[in-house]
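Chemist: Add chain B to chain A, keeping to what the hints say.
If you read the sequences in order, they're chains A and B.
So the first sequence is residues 1 to 929, counted in the working numbering.
So the second sequence is residues 1001 to 1929, counted in the working numbering.
FYI, nobody ran anything at the bench for these hints, they're computed from the structure.
Where is the CB? At the ideal position from N, CA and C, for every residue including glycine.
Treat the hints with care, since some could be wrong.
From the structure, some residues in chain B lie toward chain A, with a derived Cβ separation under 7 Å [claimed, not checked]: (1) 1706; (2) 1707; (3) 1709; (4) 1754; (5) 1792; (6) 1797; (7) 1820; (8) 1821; (9) 1825; (10) 1830; (11) 1833; (12) 1851; (13) 1852; (14) 1855.
Simulated crosslink set (DSS-like; lysine-lysine; CA at most 30 Å straight-line) [said to hold, decoys possible]: (15) A/863 - B/1921; (16) B/1513 - A/694; (17) A/652 - A/738; (18) B/1592 - B/1652; (19) B/1694 - A/427; (20) A/764 - A/780; (21) B/1349 - B/1321; (22) B/1694 - A/534; (23) B/1866 - A/842.
Output of the computed footprint for chain A on chain B, the stretches with three or more beta carbons under 8 Å from beta carbons of chain A [stated by the list, open to error]: (24) 1691-1705; (25) 1710-1719; (26) 1834-1847.
Residues per chain are reported as follows:
Protein chains: 2
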Amino acid sequence: MLVLTKEKTMNKDCYYFGAPQADGDSSMNSLLGGKGANLAEMTNLGIPVPPGFTLTTEVCLRYTQEAKLPDNVKAQVEQALARMEKEVGRNFGKPSAPLLVSVRSGARASMPGMMDTILNLGLNEEIVQALAKETNNPHFAYDAYRRFIAMYSDVVLGVSKEHFEKELDELRREVAKRKGLALEKLNPEELKQAVPDNALSAEDLKELVKRSLAIVEQKLQKPFPTDPKEQLWGAIGAVFESWNNDRAIAYRRMNQIPDEWGTACNVQAMVFGNLSDDSATGVCFTRDPRTGEREFFGEWLPNAQGEDVVAGTRTPFNVTKKAGGDDALEVKMSECYEELVRIYQLLEKHYRDMLDIEFTIQRGKLYLLQCRVGGRSGRASVRLAVEMVHEGLISKQEAVLRVPPHKLDELLHPAVNPDAPKTLLAKGLPAGPGAACGHMAFSADEAARMAGEGKSVILVRRETSPEDIHGMKASNGILTARGGMTSHAAVVARVIGKCCIVGCSAMDIDYAKKTATISIYAKDGHVEKTVVLKEGDEVTLSVDDKGGAVYLGKVPMTNAQTGAHFEELMQWADTFRRMRIRTNADKASEAKVAMDFGAEGIGLCRTEHMFFEEDRVPLMREMIVADTQAEREVALAKLLPLQRADFVALFKQMAGLPVTIRLLDPPLHEFLPTDEAQFAALAKATGLTVADLKRRSDERHEQNPMLGHRGVRLAITYPEIYAMQVRAILEAACGVQKEGKGKVVPEIMIPLAATVQELEICKKIVEKIAAEVFAEQGVKLDYLYGTMIELPRAALCADSLAKEAEFFSFGTNDLTQTGWGLSRDDAGRFLPAYEASGIVKKDPFQTLDTEGVGALVEMACLKGRKTRPGMKLGVCGEHGGDPASIFFFDGIGLDYVSCSPFRVPIARLSAAQATLKSAGKQRSGSSEV
Amino acid sequence: MLVLTKEKTMNKDCYYFGAPQADGDSSMNSLLGGKGANLAEMTNLGIPVPPGFTLTTEVCLRYTQEAKLPDNVKAQVEQALARMEKEVGRNFGKPSAPLLVSVRSGARASMPGMMDTILNLGLNEEIVQALAKETNNPHFAYDAYRRFIAMYSDVVLGVSKEHFEKELDELRREVAKRKGLALEKLNPEELKQAVPDNALSAEDLKELVKRSLAIVEQKLQKPFPTDPKEQLWGAIGAVFESWNNDRAIAYRRMNQIPDEWGTACNVQAMVFGNLSDDSATGVCFTRDPRTGEREFFGEWLPNAQGEDVVAGTRTPFNVTKKAGGDDALEVKMSECYEELVRIYQLLEKHYRDMLDIEFTIQRGKLYLLQCRVGGRSGRASVRLAVEMVHEGLISKQEAVLRVPPHKLDELLHPAVNPDAPKTLLAKGLPAGPGAACGHMAFSADEAARMAGEGKSVILVRRETSPEDIHGMKASNGILTARGGMTSHAAVVARVIGKCCIVGCSAMDIDYAKKTATISIYAKDGHVEKTVVLKEGDEVTLSVDDKGGAVYLGKVPMTNAQTGAHFEELMQWADTFRRMRIRTNADKASEAKVAMDFGAEGIGLCRTEHMFFEEDRVPLMREMIVADTQAEREVALAKLLPLQRADFVALFKQMAGLPVTIRLLDPPLHEFLPTDEAQFAALAKATGLTVADLKRRSDERHEQNPMLGHRGVRLAITYPEIYAMQVRAILEAACGVQKEGKGKVVPEIMIPLAATVQELEICKKIVEKIAAEVFAEQGVKLDYLYGTMIELPRAALCADSLAKEAEFFSFGTNDLTQTGWGLSRDDAGRFLPAYEASGIVKKDPFQTLDTEGVGALVEMACLKGRKTRPGMKLGVCGEHGGDPASIFFFDGIGLDYVSCSPFRVPIARLSAAQATLKSAGKQRSGSSEV
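In isolation and in its complexed conformation, chain A is listed as follows:
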């Protein structure tokens, strides 16, 4: 493929599109860019497209290297130009029937507004006069000329467009004065309204051209180029150079577009929608991009240029009569409309997708200027895909592959109405999707109280802790000043399905005063102003794939709604995917939500979350401050029936589906009292003094709790804790099974193991308790014993760990933390700088770092299955719900991914796409370059 394109390059840098046939077609996207390839394709379909030619992306790369247009390119351009002249019967750079051209960039991927464009190229004093005469429209001709001068000067010559805008304002002021308007009362915006562009006479525009040329000459100490060829070379060069301007580079970084792609450059004969009243311009979608409904949808303006439709200086009309009434193109220019309908239907059938098309009507003749696959909402994306299957346009496989999984979020959560007016207060990390609106509460108790009064609440905290869970549940949304995408607030919010923004660092919270002070920054990084919000004030949180935003007050919202198209698509997805989808759920209620979304088991039940409940924390604390094993066992005995009841509910809910239960993982100090009241309560419960408890609590402090006394390490020092948990699990399982509620196969999982010896020791505990419970209960049931793989050493020694573990579940959150030496709680200080400078393409806590952490996961899979062929492998980190990561997991052969309940549909779709893509890859071999 690479060789092939090289060969092409040798022969051909310039691809013509026009009669009788274009040189290229839509398959040559990477060489001609999206725009160029589609112009060629439309030409070949016989659709009226102004002729032109495309300089390939490889010319761009050579231009970048050589810092000039390669030698042999100019001759090819001259040739193509001559062909254009012949085809349209006009002459470039000549006053008789002058040919004007547009010069536009067009890369392989759409990069809207990032690179440069020049219109109306080919004008000078002589030609503009001829054009005025030919069109009998001097206003049009000079307007075109002054726009060209401004655009060209700005893009090619480096004379900022501000100078020309200032001059235009000055001219407006003169015209207004002439009209007797009170100038001093008009601000610039009002001035523009009072004297719009079309209120300027041809003479005014001629004067503006004069002044603009003078500006250029004064700035550059040489005149504006009058030779159209010179203009063309300059414009082509500028387009290629714009591939490497700062905003294009930044955009590529954000969207992971390789620098090596380069942009193509399209030179095309100009057609004008602003030439006359029977001229027009417009933009359409072949179906409704918001809903996906099969309804032609577009806007147009008579006697206008394309930019007028987009810029919003004039309000465009709808194209269809149904939507636009008497102003519709369908009514005003019915023949052109019919032609447009014929063309869009042809294109949609040809491209087998919803398209976004741009057209211009010049003196009653319709031209297509662009066509591409149209952007769409998540909801539209689902509906389009499903309906196109029903229409026989695409296959079910294609439908499943067409919907970007993360876009399902829109259907699963409410969203702020994009059109509603809103005041942005601050941005933060998009931790829990959706939107939420409510009154601010600064403590969990207050949030619960307010919710009890029937208010909708947003819980606002510096960061949340397990103590806050009741408040989080009572709230509509959660907002924290600190923390990252896998902080406590973020993880819990996703599990309980709340909208959540974390790491909103512009916000400073004063718990005593119950205020949140939000700093609003100017572009130079200084605080421009501060907004102080107090308890009860209303805010709206919005989290989508662009990020998390906090708005002032109540912003109108759209509701979550899945619907029939969604259900149908998901069913197709299920038939294609290889991997199972489980959920991370700690309670029967969470498990129910996940099962409704199609979860096929629980991949991670975090038992510690059961301990954070209000009635259990005190017992946990008693256990933790106990001095001896005997004292600990007393406290554990009180926890046993509570935990057993949880498991009974969970096993009943899951009705025979697999349930992986992770034994206690967090460091014990997470459970310790955080305020005086809690210390006092604990003192009462234990009979110890508060001072003594504080000392014991201090003793548990750790420098790096993430790397401390937690996970299986707790079981090595306090085996009685795991013993109690295993008993609770197995007693519950036996009970449920005896009730005849189906076969229960608990999967008991050890966290944070680094060595097989830890697994040996814990297995002995499990086997001992199992023997006891089975004897007591008179039942024997199967269970699996396995481990998390969440430390690099565990992955490296997976062959050894697999001797004891019957399954592995990859804890990719912690594996990322340890693999990178990166605390998810602290990374907020520098990870933004890492993303900005392109060191990391994506937050490694959101999308798996396949090169590093992924290599560990893959290694562990191979080593584990070498010891224990066919062993069950899954992932239960946050990455289990991330589409890109799911592709990777499918590729290395995991049996399942497990994610928070609301990500289950996304995981189902991603898994299906992964299976389909890898099948496609196998079919097509390794042809990809």
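Modeler: Same frame as chain A, now just chain B:
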């Protein structure tokens, strides 16, 4: 080999030693155990050894599996027994000339006192009477019998020896009463002194035998076995079972002896040193095991049993006239002595090593009962090895291989006199080797003040911080209550060569009261008593390979002393080793110490240590609290000349040897003020308020600083810091080079990189500064640019990192922390439990975990050199000074190891041994089982 031994087993479970030739020899250590193999070897050398036979270690393993003596073994034993009887002309189990035997364990590695032994086996009422008659010594006969009954009952029958001791005490009491002694005034110890064993008459012993037999019968409800054959099978079984007793298992765990080795069982004809006045027993070393001097060294007792020499109930005499005067064996039994000298010389020549031998003289005839390579001090080990080369006994290679590298510590550091009386207060981790004595100071300032008064000081802290360095330097030793082997105190102490004990958790420090309260624990874990020490109290710290101990008061010490033997050995080592040895040193003074010890460069200069100096910390703080880059640069400009001067001194000291300089690594908050005075000073320096500074300081707090904003991450957010450091390095290097002090090749090292992009960005900084400095200075010099590999991801992506890095230095401390998810500061809570339960064989921060972390290092080496063949690879973690780790590093092809100055000789020797052993392995192929 395995097959071969199996075959042997099929044929032979029992190896006879005795006339005319033993079945085995000393090469059959693994089959016959050390004791059995050497008995066979001595027999073959014609040395008088009482005959006997050895049941192999494989019988032990089969015994363990089958829980009984394998069928075909008994017949072989009977056969061997018959041969013994014939050889000594006595009869086992018969009253006429009865043969008594000993039954002893003997494993491949010495496990002193861990397993069971039975002496005098083959006695019953009939035989003891015959023996009394034959020897005409009823006291001897009944003493032997009562000892046998007690030993056999305890070991084989499970009747505790305490019962018999109690009975003996009772008998003593009766005898004392008979003698008219005032019993009630005697405690048990005094009773033993008043009525020693030989004060008991034959009749007394006869009575004791009677009572002992009654005890057994009462306990077991059946009589003591009177059939000598039955006794023999019982004893052999008990010896094999003792391989799996708790203390043997614990010992094997501690000493990394595989369970699969098993023990052999030796049955040997008894000879008696307590039969008469011309009988005797003794233990000798062929040279002095304390100094290594070539001087026969031993102790003996006439008319005594072997255990009497060891037990200390009677004070033994020296064997040589030179040492023992008139009591010497040389004087008292000169013929036997001469024979002994002939034998030890023969043995030393034969074994080519210093030996430990046990002998018994029975009625004037000398027998050798044991010979093995003798234990020795570190100093002796060096001297012996060197002198044996000079004597032509061994090669230089053998000499180098014979000295355990960690034993060099004895020569490099002072040590407490092992014979001095001392009161142990507490134990801790052996962080910095040697011994130190001084007055306690609880703050660095106080330590410095006391040292200024000429006192020797021990700095006592909960843990140390960079603020304490001046106090650490002023002190003789450092003692902390917290922290692990790589905590701040431990690392700094090793660098500055101070004796240091960390993690002394029994100690509770009250800074306000200036006291240290030490809890002394009883065996059941309860606090038995507490000792309160106050400022100025004297303590002694002792750190050796057994651990760290704190003693009360001033304990006499021996000085550090290397000497000529050491120098000679080290020179030989240097000729053999492949790897280079560098040192971790931050200052010219430390580098000097290391060079004197033979360091060949600096592998790690931690630039942050330069910032902790008193004159620099304030400037660092100014930099850290700065709000803008411009403000930071002002503070950095003040640091530049100070840091440059440090590098000038370092480069001059190293005189052209390579110097690897790590740019700033620790999180900035480590430099922030810790007390009010420091805040006030900083407020004055910066013009900010204390409140503001505290807020800025709080903002820098991290949950997991180990995984936080540090290392290269600082350079991504504040590139100006590294820019200043690079400038300081290169300006210093240019300056020194211009002075003609030799070619300086600095190696600039980036810490904590996880991605090649980080290295790209920093390389740009380095190259820019280098170009500037070279232009300014008019010199151009070579430098290397490289990175630490201290994160799993860096190791996994080493091929990619090697694109930018010209060298790798493995930071195995952090690699262990992240690979295991184990904070070195927090591991103290559970790592002891991990070692106790055998999960980790050795603290992974002391000895590299080759299976996990080592796999990462090896992977990174392979990947790095794949990208950049021959790239320089080294290690600068604490493991660089650990012998076992050095073997591993040699095996995977590192170019050098770097360690703290005082470990340099140990590293040199270890590296030489590694080279020699791997050469040996290559020669011998893969014959090892």
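Chemist: With reference to the structure, classify each hint as holding or not holding.
Modeler: Hints, verified against the model:
1. The closest approach between the C-beta of residue 1706 of chain B and any C-beta of chain A is roughly 4 Å, which is under the 7 Å cut-off, so the hint is satisfied.
2. Interface hint at residue 1707 of chain B: satisfied, since its Cβ lies 4 Å from the closest Cβ of chain A, which is below the 7 Å cut-off.
3. Checking residue 1709 of chain B against chain A: minimum C-beta separation of about 5 Å stays under 7 Å; hint holds.
4. Contact between residue 1754 of chain B and chain A, as hinted, is supported at the beta carbon level, the nearest pair being about 5 Å apart and thus within 7 Å.
5. Contact between residue 1792 of chain B and chain A, as hinted, is supported at the beta carbon level, the nearest pair being about 4 Å apart and thus within 7 Å.
6. For residue 1797 of chain B, the interface hint holds, since its Cβ comes within 7 Å of a Cβ in chain A; the closest pair sits about 5 Å apart.
7. A hinted interface residue such as residue 1820 of chain B counts as satisfied when its beta carbon comes closer than 7 Å to some beta carbon of chain A; here the least separation is about 5 Å, so the hint holds.
8. Taking 7 Å as the C-beta cut-off, the interface hint given for residue 1821 of chain B holds, the closest approach to chain A being about 4 Å.
9. Because the beta carbon of residue 1825 of chain B sits about 4 Å from the nearest beta carbon in chain A, less than 7 Å, this interface hint is met.
10. Restraint check, residue 1830 of chain B versus chain A: the minimum CB separation of about 5 Å is within 7 Å; hint holds.
11. With 7 Å as the threshold, the beta carbon of residue 1833 of chain B comes within range of chain A, its nearest partner Cβ sitting at about 5 Å, so the hint holds.
12. Hint on residue 1851 of chain B holds. Least Cβ distance to chain A is approximately 6 Å, under the 7 Å limit.
13. With 7 Å as the threshold, the beta carbon of residue 1852 of chain B comes within range of chain A, its nearest partner Cβ sitting at about 4 Å, so the hint holds.
14. Against a cut-off of 7 Å between C-beta atoms, the interface hint on residue 1855 of chain B holds, since the closest Cβ of chain A lies about 5 Å away.
15. Taking the CA atoms of residue 863 of chain A and residue 1921 of chain B, the gap is near 28 Å; set against the 30 Å cutoff, the hint holds.
16. Of the pairs offered as hints, the one joining residue 1513 of chain B and residue 694 of chain A holds, with about 20 Å between alpha carbons and a cut-off of 30 Å not exceeded.
17. Our distance criterion of 30 Å between C-alpha atoms is met by residue 652 of chain A and residue 738 of chain A, whose separation comes to about 12 Å.
18. Straight-line distance between C-alpha atoms of residue 1592 of chain B and residue 1652 of chain B comes to about 11 Å, which keeps the hinted pair within the 30 Å bound.
19. Annotation: proposed proximity of residue 1694 of chain B to residue 427 of chain A holds, straight-line Cα distance about 26 Å (limit 30 Å).
20. Straight-line distance between C-alpha atoms of residue 764 of chain A and residue 780 of chain A comes to about 17 Å, which keeps the hinted pair within the 30 Å bound.
21. A distance of roughly 23 Å separates the Cα atoms of residue 1349 of chain B and residue 1321 of chain B; the hinted pair therefore holds under the 30 Å criterion.
22. Our distance criterion of 30 Å between C-alpha atoms is met by residue 1694 of chain B and residue 534 of chain A, whose separation comes to about 25 Å.
23. As the CA atoms of residue 1866 of chain B and residue 842 of chain A are separated by approximately 28 Å, the hinted pair is consistent with the 30 Å bound.
24. With 4 residues bearing a CB less than 8 Å from a CB of chain A, the region 1691-1705 of chain B meets the requirement of three and the coverage assertion stands.
25. Figure legend: the region 1710-1719 of chain B, annotated as covered by chain A; annotation consistent (3 residues with Cβ-Cβ distances under 8 Å, at least 3 required).
26. Note: the region 1834-1847 of chain B has 5 residues with beta-carbon separation from chain A under 8 Å; the three-residue rule is met and the coverage holds.
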